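Asker: Listed here are the chains, written in short residue letters.
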Amino acid sequence: MRFYLLPLAACAIPLAANPYTQFVVNLMLVYILVAVGFNLVLGNLGQLAFANTALFGIGAYAAAMLMAHAGWPFWAAIVPAGLAGAAAGFLASVTALRGIRVYYLAIVTLAFGELLRWTYIHGEAATGGTDGLAVPKADFFGIALDSETARFYAFLLIVTVMVKAVSNLLRSKIGRAIVAIRDNELASASLAIPTGRYIVAAFVLSGFVVGVAGSLFAVLIGRVIPESFGLIELILHFAMVLVGGLGSLTGSILGAVALTALPEYFRRFPGLYEMFFGGLLIVFLLAQPRGLAALAARWWPALRERYYREN
Amino acid sequence: MAALLELSGVSVRFAGLQALSGVNLSARGGEVRAVIGPNGAGKTTLFNAISGYVPIEQGSIALGGKPIHGLTPHQIAARGVRRTFQNGGLFPELTALENVLAGLHSRIDAGFAGILFGTRAARAAEREAVQRARALLELLGVSHLADRVVKEMSGGQQRTIEIVRAVAAEPPLLLLDEPAVGLAPPVRTQLVGLIRRLAGEMGIAVLLIEHAMELVMAAADAIAVLNGGAKIAEGPPAAIRNDPAVLEAYLGHA
Amino acid sequence: MFALQLALSGLAQGAIYALVALSMCVVYRATTVVNFGHGDLVMAGAFVLYLLAVLAGLPFLAGALAAVALLFLLGVAIEVGLIERIKAGPHIGFALMCIAFGYVLRGIARGVWGREVLPMPRVFDFPPLVLGELVVTGDALAVFGVVGVLLALFFLLFYRSSAGRVMQAVCQSERGAALVGINVRAFHGVMWGAGAALGAAGGVLVAPITLLHPGLGAIFLIKGFAAMTLGGFGSLGGAVAGGLILGVAEQLVGGYVSTKLIDITAYLVIILVLALRPSGLFGRAIAERV
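Residue numbers (numbering that gives the first Met the number 0), protein chains in the order written: chain A, 0 to 310; chain B, 0 to 253; chain C, 0 to 289.
Excised from the complex, chain A in its bound form (with noise of 0.2 Å):
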């Protein structure tokens, strides 16, 4: 119960932002959905993947094709689009379970991403080709989401459920599963813990929330273009992540929070942004590997990753 304080005192950010602050805050909230998914599988299962903005951008294409080309409302787009990102990294994760997984994780990531990306290129009628899609009003349950304030309370609600939904999982036996086959797989096959289920599973799930989070993402900048979903974008994906905490929720959001309204700020200057994220990343890996959720930990002990309830 402990947990709904922040996104219900979250609620009263409105009242004091103006529509460009509450922008940058929404993004935010859609960038804690992609940092705990990315997390998920980088952090927990501790598998270096490189399919997360292949993951946001199909959530975020299948969202703005079915709102675009089926008319179907924003609230109905929601779960197809988590499905999307869903089956994409299943078959990734299937696919790599074959090879020399260490490695072969990565690189079928690297291969699935960018030929997601290409086909969004290449996609024409469907996808809108290197000129995307514009993303029709969203409906939310006939609530027209056509402010700042209203697409925040949507996502908060959005977010809320999904993060939840994650905490519960990790703090459950699945969690615990994940976390074991990232520590020592070998240990976890002899506790009779199904390991590349499991896998398949993390990547599952990780590829259903950052579904959702490109869901959102269409909606709220309402053009969906595959520029979006490249290698740039994925080393600020793998900044939120390590900056936050690998491998912990609460690290996700901070993360996510900390870093969202930074790319802004290097838009104007070629390769600042490459260079700072790139350099960010290279300096937390030195200094504090851990990230900051570690660094919250230490003063509040509460805040450390648990993988079980007492309650």
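25 Å max Cα-Cα, derived SDA-like pairs, lysine to any residue: (1) Lys86/C / Arg289/A; (2) Lys163/A / Val129/B; (3) Lys259/C / Ser227/A; (4) Lys150/B / Trp299/A; (5) Lys150/B / Gly92/C; (6) Lys150/B / Gln287/A; (7) Lys259/C / Leu114/A; (8) Lys86/C / Gly278/A; (9) Lys150/B / Glu184/A; (10) Lys150/B / Thr249/A; (11) Lys86/C / Met152/B; (12) Lys150/B / Arg289/A; (13) Lys150/B / Arg84/C; (14) Lys259/C / Trp117/A; (15) Lys86/C / Gln287/A; (16) Lys150/B / Lys86/C; (17) Lys150/B / Ala134/B.
Here are some chain A residues the structure puts well away from chain B; computed CB gaps all over 10 Å: (18) Arg1; (19) Leu7; (20) Ile12; (21) Phe22; (22) Ala69; (23) His121; (24) Ala124; (25) Leu144; (26) Gly229; (27) Thr249; (28) Tyr264; (29) Phe265; (30) Pro269; (31) Gln287; (32) Pro288; (33) Trp299.
Everything labelled a hint here was simulated from the structure, so no lab data went into it. Here the structure is a predicted model, which means the values were calculated and not measured. Ideal Cβ placement from N, Cα and C applies to all residues, glycine included.
Since the structure of chain A is provided, determine the placement of chains B and C on it from the hints.
Answerer: Chains B and C only, in chain A's frame:
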């Protein structure tokens, strides 16, 4: 009592080496059977074969009468085989409690949907598991370590936690691979007591690889000796202690 | 004849891929780290050459040698300054570190390059070789020549010289090598440098015949991976073979199916190989799934 585990003529070969040849071995519930032998005799390979990490070339391995050779490690574990690892198999980033909970994985009756939506049934199953894990840590004298992260513990504490984790699901067969390595003598005495309780109180069939002879003599009901991949002797501790073939194997391996 | 002509130009491309894949494989075999920033090192090689040749006016050969030497130093610096420092952390840290410095390199290149795609002046001014109906362009001849020499030198060095024996020893067993007195840390640094230099050689060769842009790094990375996967991950000869085959496959796909598919041939190769034969053409058998 019929043997729980039965190895017949088991041979294992890898990288051109005959690691095990024609090994016969059995294990019974409530009994501690030690497997000893010089380095390279094939002891850990034997454990790896039983638990499915290494394929066997010839022979059969049966658990409760049913063959388990050829199954994957997690399938074999699902049938009730648990083990510890020579180099320590704990999950370093998790607490002792979380490690033991991982050991209870197969016993927790909560499905994906239940966990996802936080249903009362799922939460009850999880709560029960946490209680069980804490009780087990208490029973084996390490409840004060429950909420400490494993990688911050001493070697002896880690070995104990690994054993607690391995027995959490009450496995009929337990393979302990050199549990006493790096432990100080007083801790070793405690370990002997723990192993005897596992067999005596919990009725587990324990197979034990160990180099520390006093520990083996004190803990084992029977000893099998391996050398060069073959079993060269088997019997009660007193008999093995004086067996010429065994002495030859150890002394001859200078 | 069409197919053969395609194959020929494919081999020229493939030679570059072979070099990139080999350099990645060398670093992997020598230090067990897969460098996810390797493509950006290759791009950096091309980039440095561009700066020296176009902005500083150096002749191509001098610029190329300087670029390779500088990249060698950069490779060593990265290994010693960054990779060594995080040896104790989680494995995923290495990969993230490689990704991170890759992005930094890309950022520097973009910062200096701006938003344009930059051409280099033509360098390989040999007349094309005409064999009946087949034409081998001057570019292709130059690439074949240089790559051929480099590969021959590399394999000679690796298998025949004492330095090569050291490499093989450390690849087999680091602890064993340390026990016989080989300075493993220095070895790691040198091998990263060597990998970077070899990769830079690829970048330098490709620079005059391609349009340069900072995103080239990602493309090289994928081609290198595809080649390594095809040839068998971890196999040096496999990396070379994989690169050549990939180059040919791309041209054949482009010629017979659609030029749009050239870009994604590498991705499809990766997925197909893993689906059908995960160990690749010459790779070691894949360990059993647990």
